[in-house]
Structure formats: C-alpha cells, structure tokens
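Asker: Sequence:
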Amino acid sequence: MLSKLNPRQKEAVLHTEGPLMIMAGAGSGKTRVLASRIKYLLAEKHIPPERVLAVTFTNKAAREMEERIGAKLAWIGTFHGICGKLLRRHIQLLPGYTSSYVIYDNADQTALVKNILRENGLDKDKQLTPQKALGQIGWAKNKMFKPAEYARLAEYAFQKKISGVYQKYQDALRQNNALDFDDMLLLTIELLQQNPELLQRYQEQFQYVLVDEYQDTNRAQYTLIHLLAAKHRNICVVGDSDQNIYSWRGADIANILSFERDYPRAKVILLEQNYRSTGNILEAANAVIKNNELRKAKNLWTENSAGEKCTFFLAGTEREEAQHVADAIEQNKTALGGLNSFAVFYRTNAQSRVFEETFVKRGIAYRLVGGVKFYARKEVKDILAYLRLIANPADNVSLRRIVNLPARGIGGLTLAKYKIYAEEQGLTLFAALDAEAPELTRRAAQSARVFYKTIQDLRMLSETAPLSEIINETIARSGYRDMLAGSADESDLERLDNIFELVSVAREKEPLGLAEFLEQVSLMTDIDNLKEEGDAITLMTIHSAKGLEFPAVFLTGLEESILPHIRSLHEPAALEEERRLCYVAITRARERIYLSAARLRSQAGETRCNEVSRFLSEIPDELLDKTESSSGLFEPADIRGYAERAPAPATQTDIPAYQANDRIFHHKWGEGKVLRVFGSGEDQALDIQFLRARKSLLVKYASLKKL
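The sequence shown lines up with residues 119 to 825 when you count with this note's numbering.
By construction, these hints were calculated from the structure, which means they are not laboratory data. Cβ atoms here follow ideal geometry from the backbone N, Cα and C, with glycine treated the same way. Mixed in with the good hints there might be a few duds.
Simulated crosslink set (EDC-like; lysine to aspartate or glutamate; CA at most 16 Å straight-line) [to be verified]:
id, residue 1, residue 2
1, 279, 241
2, 786, 587
3, 823, 789
4, 286, 267
5, 499, 554
Cβ pair distances, simulated, as ranges [what the hints assert, rightly or not]:
id, residue 1, residue 2, range
6, 218, 426, 37 to 43 Å
7, 534, 604, 28 to 34 Å
8, 122, 225, 43 to 49 Å
9, 604, 122, 55 to 61 Å
10, 629, 793, 31 to 37 Å
Work the whole structure out from these sequences, hints included.
Answerer: As structure tokens, this is what we get:
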C-alpha cells in the first residue's frame, strides 16, 4: 500500500492523529494520497468505515475514491450529498419540514420568485427581475445571512425590496416543504446547532474527517466541517492555495490559509513532486505563481525530463490565432496520439466562437466542455431570433421567442388573443400586433405596437445599413443590451459580451446582407458531422479544466483585459485569482504548452488593441520560444507593446486627435475618460475608463464621440 508513495506522500498517510493540512501541488498525486490514507485507516488501524467522513467536490471523485480504496464508504460524497443524507434522517426536527422534502432547481426557484413578485406588485419593476432577486438571495445565503439579518444590513431601496422578497421566498419554501441547494448546507448547520445531542452523536461517530479541494470551500462548508470534526480533531484537509479559482461561487481562500490559525498544533505537509508535467512547464508555472502573495509557498519539481520549451505566438488577430492553433494541431496530432491529446483553453466562453468556426471549416472534430456551443447559447439564439423576424416577419417561432424578451407585458394570454384575431382577419401574427385587436388591455396593446414599430424600423434599417450596424442596433433597440448591462448578475456581463460577439462576426461577414448572414449562421450551427465522442479536440474555459490534464494545451487570449480579465485589473485580490487561473491552465499540460495572444481582437463587438498579458512577462525568456505573425509588427523587445496598425480597412473617417483626460462617449459603454493614448491618426489606440469597465479600443473601429 505504501511502497508506491514518495516520502512526503507516505508521511501524509501515516500521520493519522490530530489536524493535518496536505498542501498538494498540481499533479502531485493527492488523490492517491487520500485514497491510501483512508485505506490505511480501514485496513491497518481497523477503523470502522462508518467512522470515516470523506468529502469530495464531485460525485465522480467520490466514486473514483471508492474504486481506489476497494471498499464502499457510508459517508463519502459531496457536501450536498452528505447534507442530504443527514437531512433525510433528521429534518423533521426543524419546524415546518418533513423527510419527504423536495429540492428546487433553478427553474423551480425562478418560478417561485416570479410568483412572489407578481403577488406583491413588484413584477412591473424592471430593476427587480427574478434573476437579480435570486442572485442576491444566493449571495446572502453564501454569507450565511438569514432574511432578518439581510434586512438589518440592507441600506439601499433595492436591497430593502430584496429583503422582503427573500423572507417571502424562504416562507414559501418552508410551506412547500422544499429546499434550494444553499438550504441543504444552511439547514444542516441549523439542525446540528439547534440539537446538541444530535451534534454530539455525529461528532462522536466521525472519528476521522477528510476534505478534498479545501481551497474551494465557502463559509457554510467551512462551518459544517469544523462542527463535525470538533470532538476528535482528526481533520485532514487537502488542497492548494494556488488553485483557488472559484471565488465567484463563494470559495474563500482564507479557509485554507487560516488552517494553522484554526488548529495551532496542525501538521502541514507539502506535496511538491509533480508526476504530470515536464520540467520546463513546471518552471513556467512556478515563475508565474510566485508573484502572488496570498499563498502557501511551495515549489513544484519533477523527475521528468525538461521537455520542449513553452511556445508563444503573437498573432495579428484572433482569427489568425485560431488558424495557428489549428496548424499546430494538424502538424503534431500524429506524434502526440491524435486529437484527444489536445485541449484549447480560454478565459471566457465568448472566445470559443472563432475556434469553433475555424475547426468546422477545416473539418477538425472538437467537443465543447463546460459550456454551450456559441451559436447555441440562449442569448445568442435570442438575438438571432430578432434578426430572423426582421428578415422574415412571418417567422412565428422567432416572434414567440422574443416578443416578451425583455419583458414588455406581452405574455402568453395576450399573444393567444392576437393569434385568434390574426386568424380571423387573415393577418400574420406580426401584422396583428399593430392592429386594434379586441379584448386587450390598453397597456398590452400599446406594448405590442411599440414592439411592432421597433421591428419595422429595424427592417427599414436592414435595407441600407451594413450588417454590423443592423445587429448593433437590434441589440440596443430591442432592450436586450440594457437588460443585461443593468443586471447585478456577473454572468450577465459575459452574456453581454456573447451577444456583441455577433457584431464581430458580422464585421467579418460584410458585405453580406442579413438574409445571407442568417443562412450562413444556420449552416454554421449544423455540425452534426463532427463527432461528440471519439477523437476530438477539447475546447473549454480554464475554470472547466480544473482537475484535468492533457498531453498538449493551448492557452489562448493571453492579453490584458482577457487574462487577467478586465474586471480584475484594479483589484489586487481579483488579480491574484486571475494569476491562479493562469497557473492552473499551465499545469494541465503534460508534454507541451502553447501560449498565444493577438495584437487586435474583435471582442464583444469592438476591435480592441490589448497589451500582452503581464503573466507572459513573468515567464523567463529561456523557457520560451517566441514567434510572430507574418505581418512583421511584433517587437520582441517589448512583448507588452500595442499593435501599430490594423490589418482591416477603417470604418471611421475624420478621426480626431485624442489625449489623456478627454471625455468620450461610446454606444455600448456610455461616457468615459481617456487614460492613455497610443499611436496617432488611424492607428490610435485608447485606454479608456468607463463607468462599469476599463477598455482598450482602436479608434478607427470603436465609433467614439469626443465630448
């Protein structure tokens, strides 16, 4: 059992008594250590299986753990799985619940909140959508704030409205004998704290407590695990402060960094020997992550060969970057064992689009992990539905999809009345929206006419305007842009980037007309010939890549405002998490890591000129093979410099001269202030601080107005 372990791994298995933190670096064999430790407890120390509590972050990890151990454990699983088992046994001890409770998913939660808003006259409040309410309720539960505590802390009118909704939401859940996923943790804690005898029973039972991926625990998970381990204090946590990348889900890096404060006599073991990657890959990863301050210092090393250098390619555009990736895959797929050996990583889902299109055109099979294919994403399909209706007003399927999106008071009942009227009068459903249909409220009829006029105006625009302008105006006039831009949900900002990515697509397709564009997009989504199984490249965000490994990894979009993300640039803690993301991405690679960036990127509807990521400059030159686009604009001495000219024709003429502190206006981001200016004339690039974001834009593409 212990013969295959290195000295540090063996020490971690044999140290069974008292608190233990295993700081396990990427690829250091932590799963083997955890399984060996449990196996040792059962086989050598003769601990009954029911006295061991092992918490994993996925059900798959729990199953793999049992396979390695060679035994079934009664108490192994995810936090939600463990809590579910406790609640089924004892939830009746909490007022208002029985063991036949149901668990509400997101659709159930949304329906419940919609009903609460409607019953309380809040459904007309455009600022208080079900999604925003649930986002705030989730945030409160993540902080373990009950409705009364949230209400006490509420300062603004919006928060006070939410506090009322939160209370009614919890009351409704209890009345329905229902829980949401956050409640599973919170009610388990409440159950144990309010029933001391029950808590004592489980504290006595769980003689050994083991927690995997401890760096990703949130406040409630932290509270629960320390409650259960309080008697025996044989708590073993395994994690890596350098792989904490889920703060947006509530994961708190302080939990792992404060373990020695929580348990002053804790043993700390560092697993630093890496069995996955080559020496050069590890050196690059170490060079990046050592710049973080919020970490438990360690240095990965390996007995593997140094391997090939990391490569860096600076492309002219994101499309050239995708072509470079495709070229490298085709050149190396035989040597590395086929397409399954390759993974393409990116920071945000919107970046997948150009890779998907490139691979489809070149007949390269791919699979998308942890996301939805670009043209299948809901927000993209919504805007495409608007465009199809603009091109073809008889398209009732598209009309039904978006007539009340964003909400404009044209619900199912209203639309049913219009359908009856349209059939009686021999009109299309769309034309009926402008008619004096009977049995409709004044508000519904007015909303329908406004919607009709919006589509008609866009139809007229589509007869003369360039494709990119048509899509840009559709996003704005439909209200979809404001719906996402005004959301408090961070994921809505990424959805906003996704729909503006359609503008980038349109610029590449011009001078196609709207109908031709929609036809091409329809063909683009028909990729049934690509195998979902079998030999295929894997496309995924870095967040989705956690825990995986591949022979060859492409880390793309290594640019300021992408990786690190724009929202992290002025927040030190957020910037450190972006660096951890970069570290996680690099350490997924076994044999080769390909790094890339683009001088110009059509991103979220804008042509942007970003600096190369600071993380690249943290990798020593001797570890990198740098190459450049054939256009010759790359300056090796300054990889963080701005591009000097664009390869595409200008779309704006009569470009004014800009200087620092100028006030400008942008159709998407509103008013902003110029922080820095690069270049001049047509080649000018501006670093601009807007109210909600900081952007680097190339002037001749950005359609800016000087105020």
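Asker: For each hint, tell me whether it holds in the structure or not.
Answerer: Against the structure, the hints come out as follows:
1. 279 <-> 241: 12 Å, holds
2. 786 <-> 587: Since the Cα atoms of residue 786 and residue 587 sit roughly 13 Å apart, the hinted pair holds (cutoff 16 Å).
3. 823 <-> 789: 9 Å, holds
4. 286 <-> 267: The given pair, whose Cα atoms are some 14 Å apart, holds under the 16 Å limit.
5. 499 <-> 554: This hinted pair is violated, its Cα atoms lying about 31 Å apart.
6. 218 <-> 426: 37 to 43 Å: Cβ of residue 218 to Cβ of residue 426: about 59 Å, so the range 37 to 43 Å is violated.
7. 534 <-> 604: 28 to 34 Å: At roughly 30 Å between Cβ atoms, residue 604 and residue 534 fall inside 28 to 34 Å, so the hint holds.
8. 122 <-> 225: 43 to 49 Å: 47 Å, holds
9. 604 <-> 122: 55 to 61 Å: 56 Å, holds
10. 629 <-> 793: 31 to 37 Å: 35 Å, holds
When each numbered hint is compared with the structure, violations occur for hints 5, 6.
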